[in-house]
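> Put together the whole structure using the sequences plus the hints.
One letter stands for each residue in the lines below.
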Amino acid sequence: GAVVSQHPSWVICKSGTSVKIECRSLDFQATTMFWYRQFPKQSLMLMATSNEGSKATYEQGVEKDKFLINHASLTLSTLTVTSAHPEDSSFYICSASKMTGAAYEQYFGPGTRLTVT
Amino acid sequence: KNQVEQSPQSLIILEGKNCTLQCNYTVSPFSNLRWYKQDTGRGPVSLTIMTFSENTKSNGRYTATLDADTKQSSLHITASQLSDSASYICVVSANSGGYNKLIFGAGTRLAVHP
Chain G
1 GAVVSQHPSW VICKSGTSVK IECRSLDFQA TTMFWYRQFP KQSLMLMATS
51 NEGSKATYEQ GVEKDKFLIN HASLTLSTLT VTSAHPEDSS FYICSASKMT
101 GAAYEQYFGP GTRLTVT
Chain A
1 KNQVEQSPQS LIILEGKNCT LQCNYTVSPF SNLRWYKQDT GRGPVSLTIM
51 TFSENTKSNG RYTATLDADT KQSSLHITAS QLSDSASYIC VVSANSGGYN
101 KLIFGAGTRL AVHP
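Protein chains in written order, with our numbering: chain G, 1 to 117; chain A, 1 to 114.
Bear in mind the hints are in silico, worked out from the structure with no lab data behind them.
Remember, predicted model here, so these are calculated numbers, not experimental data.
Note that the Cβ used here is the ideal one computed from N, Cα and C, for glycine as well.
One should not assume that every hint holds.
What the hints assert, rightly or not - Here are the computed distance ranges between Cβ atoms for each label pair: (1) A:Lys101 to G:Asn70: 43 to 49 Å; (2) A:Gly41 to G:Val3: 37 to 43 Å; (3) A:Thr51 to G:Glu87: 38 to 44 Å; (4) A:Asp39 to G:Thr31: 25 to 31 Å.
Below you can see the structure in the form of structure tokens.
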């Protein structure tokens, strides 16, 4: 199997506070994990690529000081939204990369709904 | 520019009917094409994955086709069920710097009515 979990599944926080989202690969080790953001009725947008033991690679337009990513182990990556604002409200989805056959396959987590009030 | 376009944007069908979703892409260098099903408020779940040399792949009532010459793919759903109501996302993988980068389509929102 290739199961990816996220915690929490939903969170409400006040503007100005920070929120941490966890992404875990439950039954495999993932050197690389990805963080996506999805706004209503839109597709997933890659925010950053997280490699175990090294700094994350952020996509253009994503503030690395606002979205802190830590990939301290082969089964856990965390995304911390710092000083959250209402415009950060979104659905955050992670994926973990696993070699399947001859290619790397991304397995997605169930997502975390963030609402900033 | 790497792009994946899907049509229609949304679709309503009656339970038991068939439907076909379309995906056109301009992605280079092409690695593979995947179709995902995403239920509302959930993460995407893989339905099929096809490489350059594969023309068709089935997964139960889902059948995907790929025409690498015209850069088109389709997802055919047979005998639709209410649980098929979801967004279907076409994702093309581009080989970039030794690893695959996923290019997402905007998805087709399918509603199956009784």
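> If I claimed the Cβ atoms of aspartate 39 of chain A and threonine 31 of chain G lie 25 to 31 Å apart, would that claim hold in this structure?
holds (28 Å)
> Determine whether the Cβ-Cβ distance between glycine 41 of chain A and valine 3 of chain G falls within the hinted range of 37 to 43 Å.
violated (18 Å)
> Confirm or reject the claim that threonine 51 of chain A and glutamate 87 of chain G have a C-beta distance inside 38 to 44 Å.
Hint holds: Cβ distance 39 Å, inside 38 to 44 Å.
> Holds or violated: 43 to 49 Å for the Cβ distance of lysine 101 of chain A and asparagine 70 of chain G?
violated (22 Å)
Taken one by one, the earlier hints fail for this structure at numbers 1 and 2, listed in ascending order.
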